[in-house]
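J.: Use these hints to put chains E, U, B and Y with the ligands onto chain F, whose structure you have.
Chains as they are written, first to last, in this note's numbering: chain F, 85 to 632; chain E, 856 to 1216; chain U, 669 to 899; chain B, 197 to 600; chain Y, 10 to 266.
All clues stand as given, with none of them false.
In silico BS3-like pairs for lysine-lysine, Cα to Cα no more than 25 Å straight-line:
1) K618(F) x K76(Y)
2) K573(B) x K594(B)
3) K443(B) x K207(F)
4) K139(Y) x K866(E)
5) K182(F) x K170(F)
6) K866(U) x K260(Y)
7) K1109(E) x K76(Y)
8) K333(F) x K388(B)
9) K443(B) x K184(F)
10) K325(F) x K395(B)
11) K137(F) x K214(F)
12) K501(F) x K777(U)
13) K139(Y) x K1109(E)
14) K443(B) x K205(F)
15) K1047(E) x K971(E)
16) K626(F) x K109(Y)
17) K1047(E) x K266(B)
18) K359(B) x K971(E)
19) K325(F) x K294(F)
20) K775(U) x K500(F)
21) K74(Y) x K109(Y)
22) K500(F) x K626(F)
23) K87(Y) x K21(Y)
24) K207(F) x K171(F)
25) K971(E) x K364(B)
26) K395(B) x K281(F)
27) K971(E) x K594(B)
28) K260(Y) x K845(U)
29) K214(F) x K396(B)
30) K137(F) x K205(F)
31) K475(B) x K205(F)
32) K293(F) x K329(F)
33) K87(Y) x K74(Y)
34) K389(B) x K281(F)
35) K170(F) x K134(F)
36) K443(B) x K388(B)
37) K134(F) x K179(F)
Bear in mind the hints are in silico, worked out from the structure with no lab data behind them.
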Amino acid sequence: MFCLRTHDLAKCRSKFNFINIVILLAGIMCSSAVWSDVLFDQSIDKLLGKNFKSVTQGVELLAQSDDERAEQVLQILLAGDLYRLKKEKRLVTIKEEKGKGYLVTDVLESGKIYEVSSKRKIKRVAINNKLRTKIKAAIAQIQLTDKDPGKRSAAVISLFDVVDDNQIVLFEKMYEQEKNEKVRSLIASGIAIGNLKTGSVVEKIAAIKKLEDSLEPSVRNALQATVDSDNDKSVVAAATKALGKIDQKIDNYALMETLFFGLSLGSVLVLAAIGLAITFGVMGVINMAHGELIMLGAYTTYVIQLIMPNNIGASLFVAVPAAFLVSGLVGVAIERGVIRHLYGRPLETLLATFGLSLILQQAVRTVFSPLNRSVETPDWMSGALEINPVFSITYNRLYIIIFCLIVFAMLFFVLKKTTLGLKVRAVSQNRAMARAMGVRSEWVDALTFGLGSGVAGVAGVALSQLTNVGPNLGQAYIIDSFMVVVFGGVGNLWGTLVAGMSLGVANKVLEPVSGAVLAKILVLIFIILFIQKKPRGLFPQKGRGAEG
Amino acid sequence: MHSDKQLFDRKSQLFLLVLAIVTVAVLALNILVPEGNPLHISTYTVTLLGKYLTFALLAIAVDLIWGYMGILSLGHGAFFALGGYAMGMYLMRQIGDRGVYGDPILPDFMVFLDWKELPWFWHGFDMFWFAMLMVVLVPGILAFIFGWLAFRSRVTGVYLSIITQAMTYALMLAFYRNEMGFGGNNGLTDFKDILGFSLQENSTRLTLFVLSALFLALGYIACRYIVTSKLGRVCMAIRDAEDRTRFIGYRVDKVKLWVFVFSAALAGIAGALYVPQVGIINPNEFSPLNSIELVVWVAIGGRATLYGAVIGAIAVNYAKSYFTVAMPEVWLFALGGLFVLGTLYLPKGIAGIMKRKEAVA
Amino acid sequence: MLTIENLNQFYGESHTLWDLNLHVEEGKCTVLMGRNGVGKTTLLSCIMGLLPIKSGSAQFMGQSLFDHSAEKRASMGIGYVPQGRQIFPAMTVEENLQIGLSARQDKLKKIPDYIYELFPVLKEMINRRGGDLSGGQQQQLAIGRALVVDPKLLILDEPTEGIQPNVVQEIGDIICKLNRETGLTVLLVEQKLPFARKVADNFCIMERGKNVATGDISELSEELIKEYLTV
Amino acid sequence: ADDTIKVGILHSLSGTMAISETTLKDTMLMLIEEQNAKGGVLGKKLEPVVVDPASNWPLFAEKGRELIDKEDVSAIFGCWTSVSRKSVLPVVEELNSLLFYPVQYEGEESSKNVFYTGAAPNQQAIPAVDYLMNDLGVKRWVLAGTDYVYPRTTNKILEAYLKSKGVKEEDIMINYTPFGHSDWQSIVSDVKKFGSAGKKTAVVSTINGDANVPFYKELGNQGISSEQIPVVAFSVGEEELSGIDTKPLVGHLAAWNYFMSVEEESNEEFIDSWQSYIKNQDRVTNDPMEAHYIGFNMWVEAVEKAGTTDPSVVQDAIIGVAVPNLTGGISTMLPNHHVTKPVLIGEIQDDGQFQVVWQTTGNVAGDAWSDFLPGSKDIISDWRAPLSCGNYNVKTAKCSGQNF
Amino acid sequence: MVPQADSRLDIKNGCMLYVEDVSVSFDGFKAINNLNLYIDEGELRCIIGPNGAGKTTMMDIITGKTKPDTGSAYFGQKINLLEMSEPEIAQAGIGRKFQKPTVFEEQSVFDNLELAMAGPRGVLPTLFSKLNGEQRDHIEQVMVQIGLQDHSMARSGALSHGQKQWLEIGMLLMQNPKLLLVDEPVAGMTHQEMDRTAELLTSLAGKHSVIVVEHDMDFVRSIAKKVTVLHQGSVLAEGSMDQIQSNPRVKEVYLGE
Ligand SMILES: Nc1ncnc2c1ncn2[C@@H]1O[C@H](COP(=O)(O)OP(=O)(O)OP(=O)(O)O)[C@@H](O)[C@H]1O
Ligand SMILES: Nc1ncnc2c1ncn2[C@@H]1O[C@H](COP(=O)(O)OP(=O)(O)OP(=O)(O)O)[C@@H](O)[C@H]1O
Ligand SMILES: NC(N)=O
Ligand SMILES: [Mg+2]
Ligand SMILES: [Mg+2]
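This is chain F alone, in the form it adopts within the complex:
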């Protein structure tokens, strides 16, 4: 069945030579004739060549060869798994690491395994952009007949930019066979795009009508081209109107996108700041090492991934509690070792923790090297949820927003619904009296500082998915964190949430207008002016007690 359809397709003349490849690949699969051993051997020779040109030629030859192994080789090549053994001149794939070298499998004679002693004895066969484009395009073409309607849709869309008469014919044929409504509609759009270019005035206007609901960039480009160059006034008018309608929609989605960007930036700010909202906001410790506690969380993620390299997807779920523990324990150590000698001298905590932040940074440099460390993004956090062609939501950001809200909710619960929250506040408002009421202030301090630090570590896990994991990670967030806590109103968790989110959105609203740098400056000036209006932040602590 598969072959048949491929043949059908192949009968349609196409100017794209990758279709030739498809024809040939199809041929290889359908006929058992082996007539190009020579071609195949030549192509393998070329693939073994050192420079890029040679490999390109190899691929081209391979495409023409109908050796059964050719497709497999192409697939491996595309995946970037094809290596050559430098001395032996064999094509291999890596089976497993062994000591300083590898065990490798011969690609052409499966089952044959070599051992290489050094990593530099084998060399990956290069592919580049152009070649990758070629191979991928061929695959896309194959996928026009894929079982998965999603893949079929994508394949159709990929042809939008190049619709011509031939393609229209092809589309029309596909349209008849296609069962899936969504794909059918897409194909219809494709036909409409074609008509827009070459059809009669009536056809064009009908096409415009059909297209005015589409948000595909290629549709928009086609309409734009019509507006720019069509001779018929009525067509231009209709196209202009359709364009206006599309642009209107795009603008609306752009607004939603800005909001999403803002909230996602906001949730990063909140995550970074929320631990500080406890150690600084509630306990009154001006913790300059907060950023480094975040950094430790990020490094914990890195270490966890080192420990479980085959489970990157799950590693984050391990990393969150691990980072909480690591940063939390370091926090407890800082509290027990330094901060506790400084209660009642809040400004001194700034100095000591500033020193600690230098030490922690340098410690990380010493242990992990000054270079950034590579933290992988699990598959479930990559990519985007495509809502429509102009609006998609990236998964990593989406999860981080959700994560931020969960962390916030848990913290809120701990501070508001357990006696710990009560005790912390009592201790921070009047240490001596709290002790006289039987509150174990030392224990409360250590626990709270540990909690705030642990949360910083958890933020580090999230940040490791967005940015560099390096010794400077903490410094990049410390100032913003203080800004958020203070802007929100010291001692108010809600304030931190609202402040972070609103600063995020403000930044993202400004950015397209003013550029990233000015946007940041403007937000800072806004904070300065805002504090004049509300000298105790968004959610000030009210009442007689707060004034002193």
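T.: Leaving out everything else, chains E, U, B and Y with the ligands in the frame of chain F:
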């Protein structure tokens, strides 16, 4: 206790005396003792000391408002940098047509970004007196506007600290922008001469050193005058009970504003002395971390003792100079450790030890 | 119940309490008197463990008090109403009271109703921040808060300061009631003689960090008052 | 101290630049050790003097002076950022010492005492753009950079260059971000929109160091692949890649004068000795390291040639010195104190290495003064007598601003 | 010494302070409710009332700490207190002693008194001000008056509660205002000290107007001519001590038996 109210109490006399002796001694050891003699102090060292002295002046400015008035400014580096930029602009204009592009008016960085004329705010900086006026006016006016807004609306405590930090951070980002017209991240550099004296001459360097010492002494005396005056006691009253001070009739906002402006101008002067000695001013001086660090100097030296601020600035910077050579790989541990142990064991700073000794004696 | 012997305390260089002795009888109400600045508050702070002491010993219900940390002393059964009230200003009235719960032996999770019965105003103001209360309301809150820990010994430092007269009477009645009916031992610092006479069983007068006179309240003579309480 | 020759190493070991510069310090230590193993220079051992300017620009000047004045070094190898070089430059000029600067930079400078062994814009940016234009058929350009002098200047040059090639204003989008920018959502979304107009689009990135990781991650997440909109970067090398999850980067490009993946005997040797020196088989090499390699060898040869380490003599002797580079060619020190180098375009692979996809046929001579900036197209640099000038204006026949 | 009263202070018809129809509420709670209060020149007025009646809040309004929601407050005929900041009001001649003693803890007793001393308050005058002998004597004299002559150089933070009360009264004396607001001056004082305070306050009356808030009835009785009873933010009763003491409402809400 009463001596605290004397302008030149014993410690101040001692401080000024030491400063004068060191200055003269350094000069003598540089000029009179021949090179190669172990006692010779190289011009390199003199300039290094000069830099420390400008930091000390900056530290005094911070101590005045933090130690005595309780305003923790985490943005004082900005005033220092602005003073430095004003001086830098003068020095840039002095280059004249000796720049690499030979443009008689435009500094090099403007030429290669294809600017056609000098931005308006660069005018006048070819005149020394104007530039020197700007050294105090620009930080002063910024401090005035900022302080007027903040103190009037009673922004206090960490809120004030954080918005001063926001101020210096915003300025840093702004000065990094090439469009601002201050040379972007490369800043202003490659200065040639000041008032016609080559910056590479020994004598110019020594003069700058002496000027730094002189201004440090003057700054010290001025601050000392303030803190021993009744105004100083008002400042301390504000630090300890701001509301109460209002209820006995003092305009807290005005007192804060003027002392803040004075302190900013002092920081500006320090910046202006710093730039010709180190040869460069760039936006990194606005970095919030710099401002935090200079608060640390004051704390290590001893808050609310002016001479303590001087000692702190010099001690920390000397430690930095020393550690970076002696243990380049681990000096941050040493410095960080110094800050931590300093706060833990010297709650009153280095000046605290001296006080304690005195009390025992 | 509480016996203090040879207590010495310093504020930095200044010797504030000198070889001080104090005995508080179980089930009785003892009033501590003396002029401003003689060290009454200081003594109470030492008992609560909020100030470091130089030397001395204290027995509380058979245990050596100074061996325990300040936070332990609350759960040993000492309730403290400090001078100046020391309310947690940013916490609500209810939260101020709840703080004492964890020091209770019986692990009660709810504020006992009798506190609100003793001080109805606290019920009215239950959600207001402690710092917003008027001075007198705060004083009542402070007493209520001390009672929440279910103390065996209640220490009050000038509890009637700033309280309206009828409430002063009430507080007096409450102290008496607690003292006589529940057997709560009370150590009270008080300047107002009538009040002291009304509630106290024993007195103790301090002068410059030493105690100079003790006895049954009926023995508190005019001479003693003239000598130690007049300026 | 007469039996050794001191060499100053002026790279930040702490602060923001430590991430890049620490490696260069180690490279220098290795090169010096190897040279000593070969018998040193002029029969004397070399003695490295390491200081830490701590990513603090004024400190570069101070430490530079210390190296020259107090330590009496014969040459300094150091700096990364342009501002750090600008900071020490007056010092090396005043004290007439030598500075070897190994990093690509914006050009517009030629000092008597500085030797620029990294790429000038014409040795990196322009060839990269040529490649995109000619080989990938790029028609629409995003010039994205960190807001500082190097990207600003490079983009200015590129803008002029692109316009000279007939690219229209509306097909160029320029965007600047602050240092360490980490939230790229809006910008990447804008790039995506800009690139969806039906013309092949590419990003030319002068984005600095730390901002790159989040940038590429965002590209990947928003579904922009290297085939759709390739990014060619000038500040992303092997060292940077070693700290990145390279999955989202595969297929994007970088332009340098050296890649670790270049298969050359000399390069393999260099990699071997580096990895054994640093005791880590996973450590990578990069372009600035090669620049130090070239610069150091040039200095050694010039010193041998001159028979002295006296900087004023070495300055003259080094011009014309040619040493092998690590990509199989020979680099020569030009009279303008820049060097000749090949330009290579590499594609990022998922192992963190670059695959060379294009390279210039021969060496490109580094140009101190860009031909595409109006202020400097008439300026040339030639430190040989009789001109002896770093910025000679051929129109006015004047050499301005020299202190000598 | 001449009080540093505002030249605009116009007390021609003998009335020093007008508080009319003032209301203020906090989060919906009416702390002051349509309060009216008039104080004559040289009068000594006692204000009593249950805890939370709004006495301290009333002082907050007069001294500018709290802005009322409605109503007016005038100092003399012309000076509108509601338009002025705290320092302006203080400079106009209203001094206050707080319920919870607040002194400048880091400074000596002497310095506390010097700071409070009447005189110019501007930045430059304070910068250049020098104490003359007369002023110094004045300070010494007040120190004797408040019994802290032996603590002249002591850090005021190290004083006991009662000593701080005295110091605050001393500061008020130094300020020499036209109108004194004294919130619970004898809290924490012994009986005898109380008598001294009573003496002091009565001696001040006449030259100054004095408002005293106190819960100690013996004390109030010993000084009061006219007493105002506040209850739930408004005046419940006003009159002589005897009248007040026999007022059943006052007995019920305040005095008890
Ligand atoms: N923190 C402190 N530092 C130094 N000295 C102090 C400190 N607190 C109190 N003192 C001094 O110790 C002495 C005793 O003070 P304390 O507060 O115990 O007095 P008191 O008897 O409670 O007086 P009052 O009746 O006024 O409350 C006083 O002379 C006081 O000045
Ligand atoms: N900022 C505020 N927020 C909420 N309620 C307040 C605030 N300030 C005062 N109150 C309330 O207003 C009422 C009046 O308080 P005020 O302090 O004036 O009483 P008072 O008459 O001085 O009492 P006392 O004699 O106990 O000192 C009290 O019930 C108090 O709780
Ligand atoms: N020279 C650079 N890359 O700053
Ligand atoms: Mg007391
Ligand atoms: Mg009150």
